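There are 2 protein chains.
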Amino acid sequence: MNITEYSKDVSIKRTVDQGTSEQRKAVEGIISRVRREKDTALAELTEQFDGARLDTLKVSQSEMDAAYKNVDDETLAILREAKENITRFHGRQQRQSWMTTEEDGTILGQKITPLDAVGVYVPGGRASYPSTILMNVLPAQVAGVERIVMVSPPQADGTLNDVVLVTACELGVKEIYKVGGAQAVAALAYGTETIAPVDKIVGPGNIYVALAKQLVYGTVDIDMFAGPSEIVVLADSTARPDYIAADMLSQAEHDPMASAVLVTPDLTLAEQVAKEVYEQLETLPKKDIAEASIRDYGAIYVTRDMNEALDAVNELAPEHLEVQTESPFELLGAIRHAGAIFVGENSSEPVGDYFAGPNHVLPTNGTARFSSPLNVDDFTKKSSILFYSKTSAQRHGAKIAAFARLEGLEAHARAVEKRLEEKEHDNENE
Amino acid sequence: MNITEYSKDVSIKRTVDQGTSEQRKAVEGIISRVRREKDTALAELTEQFDGARLDTLKVSQSEMDAAYKNVDDETLAILREAKENITRFHGRQQRQSWMTTEEDGTILGQKITPLDAVGVYVPGGRASYPSTILMNVLPAQVAGVERIVMVSPPQADGTLNDVVLVTACELGVKEIYKVGGAQAVAALAYGTETIAPVDKIVGPGNIYVALAKQLVYGTVDIDMFAGPSEIVVLADSTARPDYIAADMLSQAEHDPMASAVLVTPDLTLAEQVAKEVYEQLETLPKKDIAEASIRDYGAIYVTRDMNEALDAVNELAPEHLEVQTESPFELLGAIRHAGAIFVGENSSEPVGDYFAGPNHVLPTNGTARFSSPLNVDDFTKKSSILFYSKTSAQRHGAKIAAFARLEGLEAHARAVEKRLEEKEHDNENE
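Protein chains in written order, with the UniProt record's numbering: chain A, 1 to 430; chain B, 1 to 430.
Just to be clear, a hint being listed does not mean it is correct.
Stated by the list, open to error - FRET-style restraints, in silico, Cβ to Cβ:
(1) B:K25 with A:E103: 52 to 62 Å
(2) A:E84 with B:R405: 29 to 39 Å
(3) B:K25 with A:S327: 51 to 61 Å
Hints in this document: simulated from the structure, not taken from any laboratory.
Here the structure is a predicted model, which is why all the values come from computation and not from measurement.
Virtual Cβ for every residue (Gly too), placed ideally from N, Cα, C.
Let's have the full structure, built from the sequences with the hints guiding it.
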């Protein structure tokens, strides 16, 4: 991890796996097979990829009940508290339909409607990711989505992880299918005998899942294409190097391609953080991953002053930004591009990953310039409402017809002018 | 245009031009050429495609002043009134940043920030499309976007349409470039010596423009991939066949692939509308286009009752929906999927295309199931704000660390636990 003087040309090194053309072809093949053979394809592909022979895709109530026996009370209490915090935060994002009325009878408005059905992909494997369920399901529930479907690849013995099942159950998710990979995405987009199609698919997955989501986009909506996770720490001489190093390593342990960057005007801090990172790295269970990440994607940029440091942050547009400075709130207004801003030395990133309330699904790869954390809006859509009374149609009709003709659209003009014709036409046809 | 009994299998016939592989290759070539040769490429491609040799890409103040001489006062007044209506409607969409505070010092919030820079593509050609400028620029301005760049292909004499220039000028758009096609999109995404890059590109264009937007997506944000325009009219026996026919034809004149559909439980109305459509068609200047659209993409579905008609509407999820029934507001709650809902017989679609206030950029091709009209949110992004005090970090740290370990992320757990260490560490390094 080099300490470099910051210049405009410097950026976060980012490598996003876009998949190979072989992977894309394989995914295309899986999708068309699922569209053709539906449940049969799901069963065969699940046996092929997950080694599980399943009689039924859907998780039963007794499986859910059994899962509770293997989750201790302490874990359950933490999951429930996290659920409450996340629900409360996202509840603040809810919006109302609205309308305006005018004296001539005109009514204009915007109707907010939840999506009908959402599919949530939850990765399988040895580890359990209850936070994926909380962060993807809860905003959809807050939005009012009636049907939420969860899919996750089974283990070879045909089961799902107990914590995953319990978390889903705590959230009231009833429709859970043991299917993963591109085949799960295809089933959610196009439907099978067992799985009715959804309107949007969210949740993280490997490159096959990501490619499948891209390919079904348009038929259904998807969440963003996520790159590797990244953190930028903005710090001054008052910051604690051990905190910063620990936070950078918590990002680095995710993925060899994850990136952790420190931006500071303080060279001494820069040197201390570099030292701390290598010291703390030694005892990490995921040392190999974190070490590769720090080596290949870690960076420390030293700026002339705090203003240049803020420029650097906006240039980098990080997924996670920690502000560990003397007066962090003072800088909030100057930060234009960041998915989530962790303010002050006690707000380490993991606080937001699981528990505090804000979503952990955040824009990566510099897309914080124009994208947002996953939020309740993502599970609703707007419809414009437009009502013209006879009076408003008569008052504005000629102007609207003139505008239409300006654009060369005569039939548009005539449609408006039809409403201007004599009143005796009101209840008969011409 | 057949009159068909409605069944679930019936749908809007939709054909979306996705481009050929030759077109895609051509666009890829143009994009990489613009990235390499920048302004030089723009000049050469503009000469090649638009037949215009330009000394300078940027529209000058004197060109804008001159354009005013060719736009009459009546047109100017209509443009200004439309601008006011659209600005007022979109002003209602503005949102505030918010935060919550808790007694232990925790602060959570959501910061709304406008995008830095947006590019608006305005098609060229003989016709002028001032409504494109109004509908794409005004929401960005309401959102607070500081830099708005307009691009439009020049005519062979090197000029832009006068109405287009005047409309841009009325909106205060200062940065207008005479460049179109895939090369304009590439310039907006990657920048040239003259054109600084933007964060998002919006606005309609031909297939080359659409493909270019798809290809630069990720580097910048884009608006939706628009299919041909479509209208569904939901009507009962109280509706006027001549109004419905006129509105269907105003959609049909756009494009041979545009679609106009009537859904009604009333067979008599269905027959009257069919007759009216063919009668009104006869005298339209764009008869050929409208006739092809009605023949290939027009449809009338007769349903058992109004409930089935509402099911049909939700199944079709149209871009534009007109509700011409006895009590149209009664049905508003049952309509789940539509880009814009025109309520009552006087609310013909052109009212919303130009003038009333709601946006005319709407989700096509069934995507109203999960997409929204262009709106102010599209030109802002959210950042989560998260502040934990020493107290909140101490209170929740152990739980967050336990959650991290549940997901197998030890470095995450340690980052949180660092904040739980003894207070004497506060101002020193370990």
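*If you check the beta carbons of K25 of chain B and S327 of chain A, does the distance land in 51 to 61 Å?*
Because 54 Å falls inside the window, the suggested range holds.
*With 52 to 62 Å as the target window, see if K25 of chain B and E103 of chain A comply at their CB atoms.*
holds, 57 Å
*Cβ-Cβ distance between E84 of chain A and R405 of chain B: within 29 to 39 Å?*
violated, 21 Å
Of the numbered hints stated above, the single one contradicted by the structure is hint 2.
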